[in-house]
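Spelled out, the chains give:
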Amino acid sequence: MKDGAFAGVPPQVVYAIGMVLTALVVLSVFVAPLAGVTSWLERRVWARMQSRVGPNRVGPQGILQWLADGIKNIMKEDIIPTAADQKLFPLAPYVVFMGFLCSFVVIPFGANLIVADLNIGIFYLLAVTSLVVVGILMAGWSSNNKWSLLGGMRSAAQIVSYEIPAGLSVLTIVFLAGTLSMQGIIKAQGWGPWDWFMFHNPFTFCTFFLFFTAALAEGNRTPFDIPEAESELVAGYVTEYSGMRFLFFFFAEWGNLYVIGAVATTLFMGGWQVPPVTDNPVLLAILQFVTFFLKAYFWVFVAMWIRATLPRVRVDQLMALCWKYMVPLSFICMLGTIGFMFMDENGRRIFGALTLGFAIATIINFFRRVGFQFRSAKPEFYWKPQI
Amino acid sequence: MSETASTETGFFAEEMTISVGPQHPSTHGVLRFVVKTDGEVISEAIPDVGYLHRSIEKIGEKVTYHGYVPYTDRADYLAAMFANQAFCLAAEKLAGTEVTRRGEFCRVIACELNRLASHLISVGTFGQDIGAMTPFVHALRERESINNLMEEICGARLTYNYIRIGGVGYDILPETLTRIAEFLDHFTPIVEEFNRLLSGNKIFIERLAGVAVVSKEDALSYNLVGPNLRGSGIKWDIRRDIPYSVYPELDFEVPVGTAQVGSLGDSYDRFWVRIREMQESVKILYQCLKMLPKGPAIAKVPKKFRPPAGECYARVEAPRGDMGFYVVSDGSEYPYRVRIRTGSYTAMSIIDKLSKGIMVADLIALIGSLDVDAPEIDR
Amino acid sequence: MGVVASYLNNIKDAVSSTFEGMSITFSHLMRKPMTIQYPDKIPVPIQDTLPHRYRGILEVDMDICTGCLACERDCPITCITIGIDMNKETKQRYFTHFDIDICKCMYCGLCSESCPTGAIRHSSEFEGASYNPAGLVRHFAPQAVNLYKPKKGGETEPKLITKVDIGQAYMDEFATPDGGAAEEK
Numbered sequence: 001m002k003d004g005a006f007a008g009v010p011p012q013v014v015y016a017i018g019m020v021l022t023a024l025v026v027l028s029v030f031v032a033p034l035a036g037v038t039s040w041l042e043r044r045v046w047a048r049m050q051s052r053v054g055p056n057r058v059g060p061q062g063i064l065q066w067l068a069d070g071i072k073n074i075m076k077e078d079i080i081p082t083a084a085d086q087k088l089f090p091l092a093p094y095v096v097f098m099g100f101l102c103s104f105v106v107i108p109f110g111a112n113l114i115v116a117d118l119n120i121g122i123f124y125l126l127a128v129t130s131l132v133v134v135g136i137l138m139a140g141w142s143s144n145n146k147w148s149l150l151g152g153m154r155s156a157a158q159i160v161s162y163e164i165p166a167g168l169s170v171l172t173i174v175f176l177a178g179t180l181s182m183q184g185i186i187k188a189q190g191w192g193p194w195d196w197f198m199f200h201n202p203f204t205f206c207t208f209f210l211f212f213t214a215a216l217a218e219g220n221r222t223p224f225d226i227p228e229a230e231s232e233l234v235a236g237y238v239t240e241y242s243g244m245r246f247l248f249f250f251f252a253e254w255g256n257l258y259v260i261g262a263v264a265t266t267l268f269m270g271g272w273q274v275p276p277v278t279d280n281p282v283l284l285a286i287l288q289f290v291t292f293f294l295k296a297y298f299w300v301f302v303a304m305w306i307r308a309t310l311p312r313v314r315v316d317q318l319m320a321l322c323w324k325y326m327v328p329l330s331f332i333c334m335l336g337t338i339g340f341m342f343m344d345e346n347g348r349r350i351f352g353a354l355t356l357g358f359a360i361a362t363i364i365n366f367f368r369r370v371g372f373q374f375r376s377a378k379p380e381f382y383w384k385p386q387i
Numbered sequence: 388m389s390e391t392a393s394t395e396t397g398f399f400a401e402e403m404t405i406s407v408g409p410q411h412p413s414t415h416g417v418l419r420f421v422v423k424t425d426g427e428v429i430s431e432a433i434p435d436v437g438y439l440h441r442s443i444e445k446i447g448e449k450v451t452y453h454g455y456v457p458y459t460d461r462a463d464y465l466a467a468m469f470a471n472q473a474f475c476l477a478a479e480k481l482a483g484t485e486v487t488r489r490g491e492f493c494r495v496i497a498c499e500l501n502r503l504a505s506h507l508i509s510v511g512t513f514g515q516d517i518g519a520m521t522p523f524v525h526a527l528r529e530r531e532s533i534n535n536l537m538e539e540i541c542g543a544r545l546t547y548n549y550i551r552i553g554g555v556g557y558d559i560l561p562e563t564l565t566r567i568a569e570f571l572d573h574f575t576p577i578v579e580e581f582n583r584l585l586s587g588n589k590i591f592i593e594r595l596a597g598v599a600v601v602s603k604e605d606a607l608s609y610n611l612v613g614p615n616l617r618g619s620g621i622k623w624d625i626r627r628d629i630p631y632s633v634y635p636e637l638d639f640e641v642p643v644g645t646a647q648v649g650s651l652g653d654s655y656d657r658f659w660v661r662i663r664e665m666q667e668s669v670k671i672l673y674q675c676l677k678m679l680p681k682g683p684a685i686a687k688v689p690k691k692f693r694p695p696a697g698e699c700y701a702r703v704e705a706p707r708g709d710m711g712f713y714v715v716s717d718g719s720e721y722p723y724r725v726r727i728r729t730g731s732y733t734a735m736s737i738i739d740k741l742s743k744g745i746m747v748a749d750l751i752a753l754i755g756s757l758d759v760d761a762p763e764i765d766r
Numbered sequence: 767m768g769v770v771a772s773y774l775n776n777i778k779d780a781v782s783s784t785f786e787g788m789s790i791t792f793s794h795l796m797r798k799p800m801t802i803q804y805p806d807k808i809p810v811p812i813q814d815t816l817p818h819r820y821r822g823i824l825e826v827d828m829d830i831c832t833g834c835l836a837c838e839r840d841c842p843i844t845c846i847t848i849g850i851d852m853n854k855e856t857k858q859r860y861f862t863h864f865d866i867d868i869c870k871c872m873y874c875g876l877c878s879e880s881c882p883t884g885a886i887r888h889s890s891e892f893e894g895a896s897y898n899p900a901g902l903v904r905h906f907a908p909q910a911v912n913l914y915k916p917k918k919g920g921e922t923e924p925k926l927i928t929k930v931d932i933g934q935a936y937m938d939e940f941a942t943p944d945g946g947a948a949e950e951k
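Chains as they are written, first to last, in our numbering: chain A, 1 to 387; chain B, 388 to 766; chain C, 767 to 951.
In case anyone wonders, no lab produced these hints; they're calculated from the structure.
Positions of the beta carbon are idealized from the N, C-alpha and C atoms, including for glycine.
A portion of the hints provided could be inaccurate.
Said to hold, decoys possible - Sample of chain A residues at the chain B side, in silico, Cβ under 7 Å:
no.: 1; residue: Gln-50
no.: 2; residue: Asn-144
no.: 3; residue: Lys-146
no.: 4; residue: Pro-223
no.: 5; residue: Ala-308
no.: 6; residue: Leu-310
no.: 7; residue: Pro-311
no.: 8; residue: Arg-312
no.: 9; residue: Val-313
no.: 10; residue: Arg-314
no.: 11; residue: Gln-317
no.: 12; residue: Ser-376
no.: 13; residue: Ala-377
Stated by the list, open to error - With a Cα cut of at most 20 Å, we get these calculated SDA-like pairs of lysine to any residue:
no.: 14; chain 1: C; residue 1: Lys-778; chain 2: A; residue 2: Ala-32
no.: 15; chain 1: A; residue 1: Lys-72; chain 2: A; residue 2: Ala-32
no.: 16; chain 1: B; residue 1: Lys-622; chain 2: B; residue 2: Phe-639
no.: 17; chain 1: B; residue 1: Lys-690; chain 2: C; residue 2: Leu-835
no.: 18; chain 1: A; residue 1: Lys-384; chain 2: C; residue 2: Ile-808
no.: 19; chain 1: B; residue 1: Lys-480; chain 2: B; residue 2: Tyr-721
no.: 20; chain 1: C; residue 1: Lys-917; chain 2: C; residue 2: Tyr-860
no.: 21; chain 1: C; residue 1: Lys-857; chain 2: C; residue 2: Asn-912
no.: 22; chain 1: A; residue 1: Lys-146; chain 2: B; residue 2: Pro-409
no.: 23; chain 1: A; residue 1: Lys-324; chain 2: C; residue 2: Leu-774
Required output: the full structure, derived from the provided sequences and hints.
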């Protein structure tokens with residue numbers, strides 16, 4: 001760059017500026033609407049499960065509700081309590097946000113659609129989502145409010161404890177795949193359910209549910225949402241926050257939901273793998289992106305569904321659940337998977353088929369149960385999502 | 388902040404004094420508890436009441452008997468019919484008025500519908516406090532149907548002014564009776580669905596089993612009433628033991644706690660008694676709909692109601708327990724003194740004893756399971 | 767063995783009750799929500815769907831009000847203020863003011879029960895919000911209105927006949943010692 005706008009500037013600086021700008025664009029164009037639409041979806045799904053309607057006014061079917069909420073919150077007065085720590089209080093939401101944002105670097109949306117295919121992919125993701133703990137503790141402590149402190153400490157204990165079952169579950173998959181890189185894990189699977197790690201053997205099936213539960217606990221979602229439990233601690237560690245700072249915490253939570261779904265899809269459901277229907281690279285990329293997106297969003301929907309269904313677990317029961325149930329089970333599943341790795345391929349395929357059959361039988365049983373609920377309550381049937 | 392040093396481990400544990408309320412999403416109404424806790428385990432929880440005091444008892448001395456009935460609605464707005472009924476029973480006993488038979492049955496229908504509505508709110512908000520938000524909205528949805536029925540019967544959804552001295556204010560029309568029957572047919576499977584969603588949920592059971600156990604002796608000595616008393620295993624129901632109105636002719640069970648999960652008298656037992664009471668109320672309603680006689684719905688009562696001088700205490704079985712109205716008359720058309728005794732006020736006294744050693748989350752479960760209600764406490 | 771059995775039982779209970787709960791909430795996704803999307807997405811105005819006996823905001827038909835002051839006496843919260851004066855020349859009594867403070871009103875219905883002609887009634891109106899407290903006082907006699915004298919042998923003037931009939935129909939809703947609304951139907 002001898003002449004022109006960047007004359008005299010060393011190329012590394014130009015590249016760095018370019019990368020930062022690209023990241024900014026990606027964030028605002030992809031991540032912000034993603035978290036926003038997730039919040040709208042959660043409110044709609046939640047409302048329909050409660051015989052209500054949910055937001056349906058702002059934009060078609062209310063899909064721009066998050067935009068209205070965001071604009072409203074930006075225009076609100078920025079209240080920082082005088083007794084709060086003036087430097088850490090404004091910083092905390094951004095640390096939480098950073099924790100979840102950095103994880104987008106390694107989310108594989110397609111065969112070539114990944115920001116950086118680090119060879120420590122999943123390890124990097126686990127490490128970076130722990131930044132959230134720092135942010136939450138900062139928020140709880142700097143609010144100078146006993147309630148917030150309680151909430152912050154509980155949340156920190158919860159997230160740190162549930163790292164262990166999550167990490168062990170990830171480790172199980174890493175054993176199967178042989179690599180930490182996200183793309184590598186996906187490439188070790190196939191496009192059909194029989195090739196996914198989820199149905200590889202019965203132990204990985206259990207591992208999936210352990211991982212999903214641990215991920216929900218890490219994301220502060222019900223049934224583990226004690227830090228934000230409104231009815232117990234007013235609003236936990238976000239009590240003193242208002243306006244856009246408050247929204248940032250929830251922004252991070254909804255975005256984190258998507259990251260949970262994405263990681264679950266990558267590790268267990270074959271990621272972006274699609275049947276080889278086309279050779280056109282652009283079409284293939286789009287197909288892979290859409291498949292990955294839908295699979296991740298399915299798990300986001302399941303997380304919202306669980307939130308609407310289950311009550312909250314108490315703090316000591318949460319810790320007991322983690323240490324007494326999930327950690328031993330994770331170890332057992334890991335050892336079981338290692339055992340299956342020694343089995344010959346045909347024997348393993350039988351077990352895989354049995355697991356897949358069991359999963360399909362459960363789904364069929366589930367829909368039969370839904371039919372039973374309909375027959376017993378005899379409600380007015382209305383399947384259309386729009387209202 | 389007081390400090391308690393733990394000498395075995397050498398750690399310092401500071402005790403925080405926290406105020407739960409008065410603005411808090413899950414103290415039922417405007418209540419405040421001054422809680423001393425070390426972060427998770429409570430050492431003391433002292434209730435602080437009076438935020439919703441409206442001098443209803445004093446107002447009784449300023450308005451006539453007929454005019455006071457709408458005020459009794461507000462003594463517990465979730466169970467307004469029962470306060471109406473208790474006051475009217477007291478006034479009728481003072482004046483020796485006989486209530487018509489159809490009026491008695493209309494009273495029972497209205498009261499049992501109101502019991503259903505109040506218990507729906509109670510179990511719904513209880514689930515909400517534990518964290519299950521969906522059963523709460525389902526319970527409210529059913530309560531809306533009951534509110535619609537009450538609107539058809541008497542014109543109001545919450546503060547009814549329906550039960551009057553001598554009978555009821557409006558007669559129940561046949562089409563309303565049909566709608567009540569339809570609602571009951573629809574409601575019975577809904578309670579079972581509610582049980583499958585909430586009462587059978589493992590997390591819910593684990594939250595409540597063995598939490599805040601009220602022993603039989605404690606329940607009696609702290610003067611608990613209603614589902615709180617029955618949850619501890621004591622079979623006492625005013626409708627059965629000090630019968631009034633036409634309850635002796637109706638066939639219903641009095642559910643008591645049976646230590647279904649955990650110990651006898653824990654939070655789950657009290658919750659379960661409320662669910663069973665809802666099912667028994669449905670039974671009572673079916674019987675009343677069949678047995679409703681013809682005739683006038685209100686007796687002849689003078690406009691200027693002047694009962695002879697005397698005093699009277701009338702009790703009814705409200706959803707939150709035994710509600711008693713003590714009315715003293717001095718012969719004029721204004722009562723001399725009205726005193727309201729409610730179940731929630733005495734339930735507050737046991738909270739301090741039960742809260743020693745439980746966690747903050749359990750305190751919320753305890754308050755919800757006792758079904759305390761700020762308007763009843765403060766009147 | 768009991769410990770292991772209860773451990774496994776806990777897991778089984780948790781999974782099965784979660785499964786059951788999730789099937790219920792999933793079935794709710796396909797049920798009609800019960801929200802009435804007031805005020806715009808409703809087929810008829812809500813006031814028309816309310817039951818006949820709904821106790822909304824009070825309204826007074828001054829044409830048939832006899833000025834007996836029964837409603838003012840019976841109101842337990844003194845929200846009705848009536849002033850009556852007499853014109854010295856024509857000896858005609860008229861209302862100077864008939865004010866109802868609808869924010870004090872308890873909507874108990876005692877005033878409408880005691881009215882002899884059914885002039886004061888609860889309408890089905892419930893949208894009474896106002897930007898200032900003065901707007902919450904309804905003035906039913908802004909100018910002087912003559913008192914109504916019920917004629918012996920029934921009303922003869924055609925306009926007033928309908929009003930008297932409407933008032934009487936409202937009064938018939940209340941339970942009476944000699945029968946009541948259900949008996950007639």
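Results of checking the hints against the structure:
1. For Gln-50 (chain A), the interface hint holds, since its Cβ comes within 7 Å of a Cβ in chain B; the closest pair sits about 4 Å apart.
2. Violation of the interface hint for Asn-144 (chain A) is found here, the shortest Cβ-Cβ separation to chain B being roughly 13 Å, above the 7 Å cut-off.
3. Satisfaction of the interface hint for Lys-146 (chain A) is found here, the shortest Cβ-Cβ separation to chain B being roughly 5 Å, below the 7 Å cut-off.
4. For Pro-223 (chain A), the shortest C-beta to C-beta distance to chain B is roughly 6 Å, which falls under 7 Å, so the interface hint holds.
5. Against a cut-off of 7 Å between C-beta atoms, the interface hint on Ala-308 (chain A) holds, since the closest Cβ of chain B lies about 5 Å away.
6. Because the beta carbon of Leu-310 (chain A) sits about 6 Å from the nearest beta carbon in chain B, less than 7 Å, this interface hint is met.
7. The closest approach between the C-beta of Pro-311 (chain A) and any C-beta of chain B is roughly 4 Å, which is under the 7 Å cut-off, so the hint is satisfied.
8. Satisfaction of the interface hint for Arg-312 (chain A) is found here, the shortest Cβ-Cβ separation to chain B being roughly 3 Å, below the 7 Å cut-off.
9. A cut of 7 Å between beta carbons decides the hint on Val-313 (chain A): the least distance to chain B is about 6 Å, and the hint holds.
10. Evaluation of the Arg-314 (chain A) hint against chain B yields a held restraint, the C-beta minimum of about 5 Å falling below 7 Å.
11. Taking 7 Å as the C-beta cut-off, the interface hint given for Gln-317 (chain A) holds, the closest approach to chain B being about 6 Å.
12. Evaluation of the Ser-376 (chain A) hint against chain B yields a held restraint, the C-beta minimum of about 5 Å falling below 7 Å.
13. Of the supplied interface hints, the one on Ala-377 (chain A) holds, with its beta-carbon coming within about 5 Å of a beta-carbon of chain B, less than 7 Å.
14. A distance of roughly 39 Å separates the Cα atoms of Lys-778 (chain C) and Ala-32 (chain A); the hinted pair therefore is violated under the 20 Å criterion.
15. A threshold of 20 Å between alpha carbons decides the hint, and for Lys-72 (chain A) with Ala-32 (chain A) the separation of about 16 Å falls inside it, so the pair holds.
16. The straight-line distance between the Cα atoms of Lys-622 (chain B) and Phe-639 (chain B) is roughly 13 Å, inside the 20 Å bound, and the hint therefore holds.
17. Taking the CA atoms of Lys-690 (chain B) and Leu-835 (chain C), the gap is near 14 Å; set against the 20 Å cutoff, the hint holds.
18. With a CA separation close to 18 Å, the supplied pair Lys-384 (chain A) and Ile-808 (chain C) stays within the 20 Å bound.
19. The straight-line distance between the Cα atoms of Lys-480 (chain B) and Tyr-721 (chain B) is roughly 16 Å, inside the 20 Å bound, and the hint therefore holds.
20. Under the criterion of a C-alpha separation no larger than 20 Å, the hint pairing Lys-917 (chain C) with Tyr-860 (chain C) is consistent with the structure, at around 17 Å.
21. Annotation: proposed proximity of Lys-857 (chain C) to Asn-912 (chain C) holds, straight-line Cα distance about 11 Å (limit 20 Å).
22. Of the supplied pair hints, the one linking Lys-146 (chain A) and Pro-409 (chain B) holds, its CA atoms being roughly 16 Å apart against a limit of 20 Å.
23. Only pairs whose Cα atoms come within 20 Å are accepted, and Lys-324 (chain A) paired with Leu-774 (chain C) is accepted, the gap being roughly 12 Å.
The structure shown violates the earlier hints numbered 2, 14.
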